[in-house]
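This is what each chain is made of:
Protein chains: 4
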Amino acid sequence: MKERKVVAEISVVPLGTGSASVSDYVAACIDVLEKSEHVTYQLTPMGTILEGPLDKILKITQEMHAVPFQRGATRVITTLKIDDRCDKVLTMKGKLEAVRSRRPEVKT
Amino acid sequence: MKERKVVAEISVVPLGTGSASVSDYVAACIDVLEKSEHVTYQLTPMGTILEGPLDKILKITQEMHAVPFQRGATRVITTLKIDDRCDKVLTMKGKLEAVRSRRPEVKT
Amino acid sequence: MKERKVVAEISVVPLGTGSASVSDYVAACIDVLEKSEHVTYQLTPMGTILEGPLDKILKITQEMHAVPFQRGATRVITTLKIDDRCDKVLTMKGKLEAVRSRRPEVKT
Amino acid sequence: MKERKVVAEISVVPLGTGSASVSDYVAACIDVLEKSEHVTYQLTPMGTILEGPLDKILKITQEMHAVPFQRGATRVITTLKIDDRCDKVLTMKGKLEAVRSRRPEVKT
Numbered sequence: 002m003k004e005r006k007v008v009a010e011i012s013v014v015p016l017g018t019g020s021a022s023v024s025d026y027v028a029a030c031i032d033v034l035e036k037s038e039h040v041t042y043q044l045t046p047m048g049t050i051l052e053g054p055l056d057k058i059l060k061i062t063q064e065m066h067a068v069p070f071q072r073g074a075t076r077v078i079t080t081l082k083i084d085d086r087c088d089k090v091l092t093m094k095g096k097l098e099a100v101r102s103r104r105p106e107v108k109t
Numbered sequence: 002m003k004e005r006k007v008v009a010e011i012s013v014v015p016l017g018t019g020s021a022s023v024s025d026y027v028a029a030c031i032d033v034l035e036k037s038e039h040v041t042y043q044l045t046p047m048g049t050i051l052e053g054p055l056d057k058i059l060k061i062t063q064e065m066h067a068v069p070f071q072r073g074a075t076r077v078i079t080t081l082k083i084d085d086r087c088d089k090v091l092t093m094k095g096k097l098e099a100v101r102s103r104r105p106e107v108k109t
Numbered sequence: 002m003k004e005r006k007v008v009a010e011i012s013v014v015p016l017g018t019g020s021a022s023v024s025d026y027v028a029a030c031i032d033v034l035e036k037s038e039h040v041t042y043q044l045t046p047m048g049t050i051l052e053g054p055l056d057k058i059l060k061i062t063q064e065m066h067a068v069p070f071q072r073g074a075t076r077v078i079t080t081l082k083i084d085d086r087c088d089k090v091l092t093m094k095g096k097l098e099a100v101r102s103r104r105p106e107v108k109t
Numbered sequence: 002m003k004e005r006k007v008v009a010e011i012s013v014v015p016l017g018t019g020s021a022s023v024s025d026y027v028a029a030c031i032d033v034l035e036k037s038e039h040v041t042y043q044l045t046p047m048g049t050i051l052e053g054p055l056d057k058i059l060k061i062t063q064e065m066h067a068v069p070f071q072r073g074a075t076r077v078i079t080t081l082k083i084d085d086r087c088d089k090v091l092t093m094k095g096k097l098e099a100v101r102s103r104r105p106e107v108k109t
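Protein chains in written order, with our numbering: chain V, 2 to 109; chain W, 2 to 109; chain G, 2 to 109; chain U, 2 to 109.
These are calculated hints, taken from the structure and not from any lab test.
Don't take every hint at face value.
Copies of one chain are not kept apart here, so a pair can be met inside one copy or by any two copies together.
When the alpha-carbon atoms are kept at most 27 Å apart in a straight line, the in silico DSSO-like pairs for lysine-lysine are as follows [unchecked claim]:
1. 3 / 94
2. 60 / 108
3. 108 / 57
4. 108 / 3
5. 57 / 94
6. 36 / 3
7. 3 / 89
8. 60 / 3
Let the sequences and hints guide you as you build the complete structure.
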């Protein structure tokens, strides 16, 4: 049996860096995702969407959360939202298509 | 002077509906966004990203939050995250490109 | 008929301030809440819980979000979560007591 | 050296349960917290605040997220927000007192 996948969203925000820009930190967090064999991702303007087994996503959360500290930040606020169903297969693509089948004009 | 725009993310979740599916409700919320002249949007697998003036986005939040009640839900949890800068123009596209300029391989 | 109240949680985070501490900003945001006639609040270690009519809470969100800019921050991320029921009266106290009636040992 | 502690907030919401009430599920999640040796908690009207080492909090997140499925829910949305500083000790109590020292009238 294949392990159940969840769809999640993560946002990692460094505080007190002296600059309002966070894109350097976000770019560094992408390394963690590019190296992962188990989790696929999609960057959005407000966070990163993840798809994979929950235990792998929690491990990646810990790794992404550590990245700004490695680059000198002294405080990091990380938000993770997990969406998980046991009655059907949940995917990033499937979630969008469920809406698009009802409203074909929707912008994605 | 043009009004400052923010980038925001909204998620509207009905509870106690008897069904684990929420795509009917999400599709109905899209109506509010399609009718708006002031706010542009992009649907993601975990929410909807909005771009526009803060007061318009708060008004739309109130309207989207009301949609599931109009369709019979008795409880709704709505989450809004606002990202706002006064030192540069913030857009959905600009935020993605700031990361892409550092990591061209990033998946969006 | 009295206007329906919601219970909500707000968090206002300034970015790029040069200091990892945010308590000065949080303290300044409390002014907005102390002046409000329509919304009651409770500070927690992770945000502020609000109770009041939705339109008043959205207005307060806009005011609290503006506070760090007035104190020199150039970027602010504000998160608002709204919990709203139409089938019963929702209060901060009632939500805690619903859990406490089931688990009297719960720490609040 | 003692392991660094973080302060976090978790919210576990079952969908499609046929009832708008979630306090039975919240009460069941408290079991996970009462059994933990490493994590202390405080229930608020909008979630549960946790204090402990990050790896322990991620483990507890996985356990709490599983509880509604064990009780028959088919979809669960779990939100975790982690606040972590490496320049000073972060505690639930310390965070509140940092604000209270600036605004003694604050309601907590």
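Going through the hints against the structure:
Within a single copy, residue 3 and residue 94 get their C-alpha atoms as close as 19 Å, which meets the 27 Å cut-off; across copies the closest is 36 Å, which misses it. Only between protomers do residue 60 and residue 108 lie at most 27 Å apart by alpha-carbon distance; the minimum there is 20 Å, versus 32 Å within a single protomer. In the homo-oligomer, the alpha carbons of residue 108 and residue 57 lie at most 27 Å apart only across protomers (19 Å), although the nearest pairing inside one protomer, at 30 Å, exceeds that limit. For the homomeric pair residue 108 and residue 3, the shortest alpha-carbon distance between copies (25 Å) is at most 27 Å, but the shortest distance inside one copy (32 Å) is not.
In this homomeric assembly, residue 57 and residue 94 come within 27 Å of each other (Cα to Cα) only inside a single copy, at 19 Å, whereas the closest approach across copies is 29 Å. With identical chains, the CA atoms of residue 36 and residue 3 are at most 27 Å apart within one copy only, with a shortest distance of 21 Å there and 30 Å across copies. Within a single copy, residue 3 and residue 89 get their C-alpha atoms as close as 13 Å, which meets the 27 Å cut-off; across copies the closest is 42 Å, which misses it. Both within a single protomer and between protomers do residue 60 and residue 3 lie at most 27 Å apart by alpha-carbon distance, with minima of 19 Å and 21 Å respectively.
In summary, the structure agrees with every hint in the numbered list given earlier.
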